[in-house]
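Chemist: The chain contents come next:
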Amino acid sequence: MSRLGGRPALLAFALLALLPLTPWMSKYALLLAFDALLFGAVAMSLDLLMGYTGLVSFGHAAFFGLGAYASAVLLQRGVLSLWLGLGAAALAVGLYALVVAYFATARRGIYFALLTLIFAEVVYTFFRYTQTFGGSDGIQGLPAFELLPGVALDTPARNYYLVLGYLALAWAACRTLVGSHFGKVLVAIRENEERARFLGYSVQRYKMVVCVVSALLAGLGGALYPGRAAYATPDLLLWTVSGELIIMVMIGGLGTLAGPVVGGVFFVLLQEKVSSYVDWYFLVVGLVLVAIVLFMPRGLVGLVDGLRPRPGTSRLGARRAAA
Amino acid sequence: MEYLIGVLLPQLVHGLVFGAALGLLALGLTVIFGLLGVMNFAHGELYMLGAYVGIAVIGVTRSFWVALVAAPLLVGVVGALTEVAALRPLYRRPPLYGLILTFGLALVFREAARQVWGGDMRRVQPPITGSTPLLGMTYPNYRLFLLAVSCVLLLAIWLFFTRTRAGIVVRAAVEDAEMLDGLGVDVRRVFTLTFAGSAALAALAGLLLAPVFTVYPQMGVEMILLAFIVVILGGMGSMGGSVVAAFVIGIAQSLLTLWLNPQRVAIAIFALMILVLIVRPRGFFGREGVLE
Amino acid sequence: MTKLLSLVTVALLVAGWAASPATAQQKVVKIGDLGSKVGVFEGYGKYQTMAMQLAVEELNARGGVLGHRIEMISEDDDTKPAPAVRKAEKLILQDDVKLLVGAVSSGATMAVMDVTRKHKVIHWNSVSCAEFMRTTKFHRYYFSNQPDSRMQANGLAKYILDRMGKRVYIFYTDYAMGQSDGRQFKTALEKLGGEVVGVAGAPLDTKDFSPWFGAINQANPDVLFLAFAGTDSLRLMTQLHSFGMTKKYKLAGIDCFLLQQDLPAIAEPMEGFVQLAHFSPYNPDRHMQAFNARFKKRFGVDANIMAGAYDGVMFWAAAAEKAKSFDADRLVPLLEGMCLDDTHIGRQCIRKEDHQVVMDMHLYRVQKGKNVPIATVSGQDTIGEPLVGKDPVAGFTWEIKKKN
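Protein chains in written order, with the numbering used here: chain A, 1 to 323; chain B, 1 to 292; chain C, 1 to 404.
Simulated from the structure, these hints should not be mistaken for laboratory data. Wrong hints could be hidden among the right ones.
Derived BS3-like pairs: lysine-lysine, alpha-carbon spacing no greater than 30 Å straight-line [to be verified]: (1) 27(A) - 250(C); (2) 137(C) - 27(A); (3) 27(A) - 118(C); (4) 166(C) - 30(C); (5) 370(C) - 207(C); (6) 273(A) - 370(C); (7) 27(C) - 273(A).
Working from the sequences, and respecting the hints, build out all of it.
Modeler: And the structure:
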């Protein structure tokens, strides 16, 4: 149980479950909370890659958005079952992730970041310009999911509980992964890939697995989105969304799992409230990100040991060592 | 035959013009990556800044030519300051941080430009107007000038890297910075100056292309993606590869627009990249083992 | 772990704060102004805000509506459907607006229609011109005084063929609005005996249009018909001009191709451009001049076609006064068939069947950077039959029918 975060985690989820019953949670607030928790969960999935394996994915939005389109296409055709929507998303995202993971993990370092970015751009371009999926307007006017035939998830409260359930499961999955032997190997790869290789671990395979797992979590989250928004648009696939996910992870705290969730919630809420009033909001976000990277890599929640600068390695040697 | 001259040839020229400009941009990216191990996500924004600073200079001096000299210099200074203040502290850390930092910088530059100059599109009057009847189509003179200037610049850069001492020092630093440091060269200064140089180059490209593509805060974002593809195709760290790949992409994009839906062209370019990655993972001229 | 706990709690308290609506002191009714305030269609969005503001100020000076002061809340939709939907949700669910005007981009407007239908809010559109809004996507709370692509085609096609040329090339912006214009104009031109020698679409926000010029030149039309808007139009005209094509072909286009204030900057490329629109500050019509004078006095600049948003607020206010209520279901029957005499172009009447305003329009030609009227086209001739619930593009094909 402690592996899953113990009592504090339980308490947190209990509080979250009781939230819709409080007086200030209007319909609109519940919609907002949905977005906050959803993106928090997706940021957490990214942390598996970034914080634990040391791989920066600039294309994480593609996993999320692809999952959204998969379930949206089914909803559009009258297939209202939540489970089929999730299944379709898992299938689509899983296949896509396998392809990307194969190319992106075959080479070291920078290739992963660049290739995830470029593949995500392919997905974006594909959906943006293909009229069958609505082109740049996307798929609009979707009905709500059905949990079971007759039980529609058509109120903000129901959708909120849906995403809370998803967050709980994702949390459990991530914690289990990270606490297992597999998770330890990931950290070893992050710390010194060559040594991990010399120790006999098939580094590429580990990277591919964590990439696909992370992608699936993001994709399942994405599948839930059309249920709340009644649409799926190419904007969900923009690299700026991938960037925002990275920012959420950094704000919250790299390599902590809980941190990115908090970072995600924080980011969504702040953006909603502030960006309507000021147009320099994103400038501040950028400055905050730069500041965090330079001065506070621990983010809000704290950093796992080992990501501090190692004494004795100058930049001159770091390129070879860390690449 | 009329089709060849009236339609095909102008498209080819489009492709060359665009490819040359793309080459300038990608070159800076490749050199910085080879040297510092940092993929500069803010490179597109340096390109954008070149155009905006150019507009500002033109506003004061009323001369595009003065801006063409002043803007790259100013942006070069910005680049130098950025390298010293923001990048240098991160050399000791895992490359993940450098990536995220440049991404953050890109956001900062972009939004700062939006605040200072506004979000709407700006137009820059081309310094050379009029058009030439070129093989059946009237081709704007400025675009021809662009082509010429880009090629001259690429040549100049090649000469710099092969014939001048400074250029050779940079190449040596890319090869093995540690050794160079041991030989007594102030490697940190090489880093800063090279970064400034790549920024200036990007800025120059930005201002040169401004009369064609207009100026707006998102312009860097769109170019950088192509620049990344060029760098991957050409081979990480290979300058010659970047230039060749840039022309290939520029021409491919231009010609494909004739036959394919322009939207499909983008996908075709990606497919090309993936194909190359499968067949020859290190790109056209990538060095074996650099990051393989 | 306590960190997680406290941070999550804080975060969700923030959520509560974030979602809490402000409390009002006196009686206030809110209306929503949704549209592109930045980016490619920025001008349209800004002028929409100004037009609505003028209406709000005039109404508030007369005591407001039903004793309530009108407060306008403006939101930017990023020219995309998804942010438009979210802002619409915010305006409706959080700000409790009783009237929503918007959006600018047709894609965004259609997406917002789903929201206004679901929550039963009066939705006024005065700029988006795709032909689906009063046909397949129509719902009873939707009203419009923007001539949609079908109306424009009805009004302009004949003039093009009679006075400009029989061979037309249609170049459009490849999303909802442009596709709609392309379809309707192709249909109208071909029905009247013209020949559409080519069609091509360029994505929204294209930077360099020259890849398409080769095909245009090859087709060798008499008339180049352009369905673009905003900064795309600016770029396109500049580039067409630099390739000598503005002199080579006659030019025609849609009403929102360029706002009047953008014309002086590219007067030369635009010389001779013909379009069908309802308003121009250079139209001597006394209603337009009177409105323009008021607008100019308030904002210091001439008005443009976005002035239709002014009428939207006026119609809504008049209906609310009559109904003695803001309830949308009570307003709808009153709005149907309602006529106002002092709109920005004089008399406008809302047609009952598809909630579209019947309005007289004018053919304008750009002369030295000004939109000058050259003919009047009656509203009845352009509005076309109501096609509520019917597919307005049934049987349409993009195929070019070659004539020898």
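Chemist: So, for every hint listed, does it hold in this structure?
Modeler: So, going through the hints one by one against the coordinates:
At roughly 54 Å between alpha-carbon atoms, residue 27(A) and residue 250(C) are farther apart than 30 Å, so this suggested pair is violated. For the suggested pair residue 137(C) and residue 27(A), the alpha carbons sit about 26 Å apart, so the restraint of at most 30 Å is met. Distance hint between residue 27(A) and residue 118(C) is fulfilled; the C-alpha atoms sit about 14 Å from each other, no more than 30 Å. At most 30 Å may separate the alpha-carbon atoms for a hinted pair to count; residue 166(C) and residue 30(C) exceed this at roughly 50 Å.
Simply put, residue 370(C) and residue 207(C) have alpha-carbon atoms about 26 Å apart, close enough for the 30 Å limit, and the pair holds. For the hint linking residue 273(A) to residue 370(C), the alpha-carbon distance of about 42 Å lies beyond 30 Å, and the restraint is violated. At most 30 Å may separate the alpha-carbon atoms for a hinted pair to count; residue 27(C) and residue 273(A) meet this at roughly 25 Å.
Hint check: violations occur at hints 1, 4 and 6; the rest are consistent with the structure.
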